[in-house]
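Peer 1: What follows is the residue order along each chain.
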Amino acid sequence: EVQLVESGGDLVQPGRSLRLSCAASGFNFGVYAMSWVRQVPGKGLEWVSTISWNSLRTYYADSVKGRFSISRDNAKNSLYLQMNSLRPEDTALYYCAKGADIAEAYMDVWGKGTTVTVSS
Amino acid sequence: DIQMTQSPSSLSASVGDRVTITCRASQGIRNSLAWFQQKPGKAPKSLIYAASTLQSGVPSKFSGSGSGTDFTLTIGSLQPDDFATYYCQQYSSYPLTFGGGTKVEI
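As you go down the protein sequences, you meet chains A and B in turn. My numbering numbers the first residue of the first sequence as 1 and each following residue consecutively. My numbering numbers the first residue of the second sequence as 1001 and each following residue consecutively.
Worth flagging that the hints you see were computed from the coordinates, not collected in a lab. These figures come from a predicted structure and were not determined experimentally. The reader is advised that the hints may include incorrect statements.
As a list, the in silico BS3-like pairs of lysine-lysine whose alpha-carbon atoms are at most 30 Å apart [unchecked claim]:
#, chain 1, residue 1, chain 2, residue 2
1, A, 65, B, 1042
2, A, 65, A, 76
3, B, 1061, A, 43
4, A, 65, B, 1045
5, B, 1039, A, 43
6, B, 1042, A, 112
7, A, 76, B, 1042
8, A, 112, B, 1045
9, B, 1103, A, 43
10, B, 1045, B, 1103
11, A, 43, B, 1045
12, A, 43, B, 1042
Next up, chain A with everything else stripped away, as it sits in the complex (with noise of 0.2 Å):
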């Protein structure tokens, strides 16, 4: 079964850093594209950022470029997301999805996310 398990949320300050994981199961992790998409509570989905299969691409929204960075561990079947310079309007609950076959920014399996909360 193919399986993703967030994990590293937590209350932070703003200003601080975080860093994100998800540790993927169930699948060859190394062979897909990856991403992360956040959605603030009772609001809609923001895609944050994608990484190719080797990790040479990497794409950032607008709203986290020069302050998020995506990252992975082919080896460990691991994605992270460190989250620096963090601001309140961060605070959501970010998910981990996995690219798909046909297209690798076609998310065709998320996982059940981490709720990141930025605030004093």
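We have chain A already, so just place chain B on it with the hints.
Peer 2: Frame of chain A, contents of chain B only:
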């Protein structure tokens, strides 16, 4: 950036009804469109990709159509389990963008 506009933002329907949700892209995206279903407190679930291809395991009462800028998701014979929020998403180019969602209520 490609803007995705969904309509309506919410709709009320009854069990057994057929409903249609529309999604419009601000520029042509060929058929690079996906639909997701999200229930309260749950992660999004993929329903359709390439505008009209059903994700494995998704019942055939869900169907999608469209190409270019205009797309539709149709749910035939609504059942209690179908009441949820539905999102479209374009994956034609970065930044990836989602529609604002359509909440289907009883």
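Peer 1: Compare the structure with each hint and give your call.
Peer 2: The hints, checked one at a time:
1. A/65 / B/1042: holds (27 Å)
2. A/65 / A/76: holds (26 Å)
3. B/1061 / A/43: holds (27 Å)
4. A/65 / B/1045: holds (27 Å)
5. B/1039 / A/43: Holds, at roughly 13 Å.
6. B/1042 / A/112: Roughly 7 Å separates the two Cα atoms, so the pair holds.
7. A/76 / B/1042: holds (26 Å)
8. A/112 / B/1045: Measuring from Cα to Cα gives roughly 10 Å; hence the hint holds.
9. B/1103 / A/43: holds (11 Å)
10. B/1045 / B/1103: holds (15 Å)
11. A/43 / B/1045: holds (16 Å)
12. A/43 / B/1042: holds (13 Å)
Going through the hint list in order, the structure satisfies each hint without exception.
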